[in-house]
Amino acid sequence: MAGIEGDDSATTSGSTLGYALLSLLTRGPATGYQLTQQVKAPLGHFWTARHSQIYPELARLSAAGWVDSVEQAGPGPRAKKTYAVTAAGLTALRAWLVIPPTAQPRSEITLKAYAATSADPVAMAALYTDLAERSTRLLAEYEQDASRMRAAGQDDPGNPRFGNYAVLMMGVESQRVVHRWALWLASCLRTGRPVPYGEPPG
Numbered sequence: 001m002a003g004i005e006g007d008d009s010a011t012t013s014g015s016t017l018g019y020a021l022l023s024l025l026t027r028g029p030a031t032g033y034q035l036t037q038q039v040k041a042p043l044g045h046f047w048t049a050r051h052s053q054i055y056p057e058l059a060r061l062s063a064a065g066w067v068d069s070v071e072q073a074g075p076g077p078r079a080k081k082t083y084a085v086t087a088a089g090l091t092a093l094r095a096w097l098v099i100p101p102t103a104q105p106r107s108e109i110t111l112k113a114y115a116a117t118s119a120d121p122v123a124m125a126a127l128y129t130d131l132a133e134r135s136t137r138l139l140a141e142y143e144q145d146a147s148r149m150r151a152a153g154q155d156d157p158g159n160p161r162f163g164n165y166a167v168l169m170m171g172v173e174s175q176r177v178v179h180r181w182a183l184w185l186a187s188c189l190r191t192g193r194p195v196p197y198g199e200p201p202g
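Going by UniProt numbering, the sequence shown opens with residue 1, and the numbers climb by one from there.
If a hint is listed, it holds; no wrong ones were tucked in.
Capping the alpha-carbon separation at 30 Å, the derived lysine-lysine pairs in DSS-like fashion look like this:
no. : residue 1 : residue 2
1   : K80       : K40
2   : K112      : K40
3   : K40       : K81
Honestly, the hints are just simulated from the structure, not real lab data.
Please build the complete structure, drawing on both the sequences and the hints.
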């Protein structure tokens, strides 16, 4: 779901961020700025990276021989680098993709639910009501994007953009779950009584 920052711990030969960048570069060469934008969507529905993390990771990938870069004149005083995945990088990515993940996502909003009874229940109920409303807006956006992708044939596993569609559909399902869970939690906190999960808020 949006807002969850994926684990960036090192694997046997790379980091999660490095493999994410390699995944993006399989779609074609890109600059660091372009990669920063591509991380936001669709990967940003589940996994995020800060701008300050991307450039050092590109340098590590380059040192490992997993990406190449070409310098060109940029709009400012600095040269613009365009990165491309190498054959070695593609081999490493293919090996990593089939390894079962061990890292668990981190969610601040879920952590706060764990300690929800330690705060003012009215304020906590408002927090999760706001989360439910946000998930409604995100779900509408995701479903519009999914409709456009289906119209473009990206729901076909043979389409090179099928991965975008698969990630987006996880976003759709996640927001549906977040909406139902947040409404239930807000109702429990607001009423101070057990509420059957999935029951319309009272």
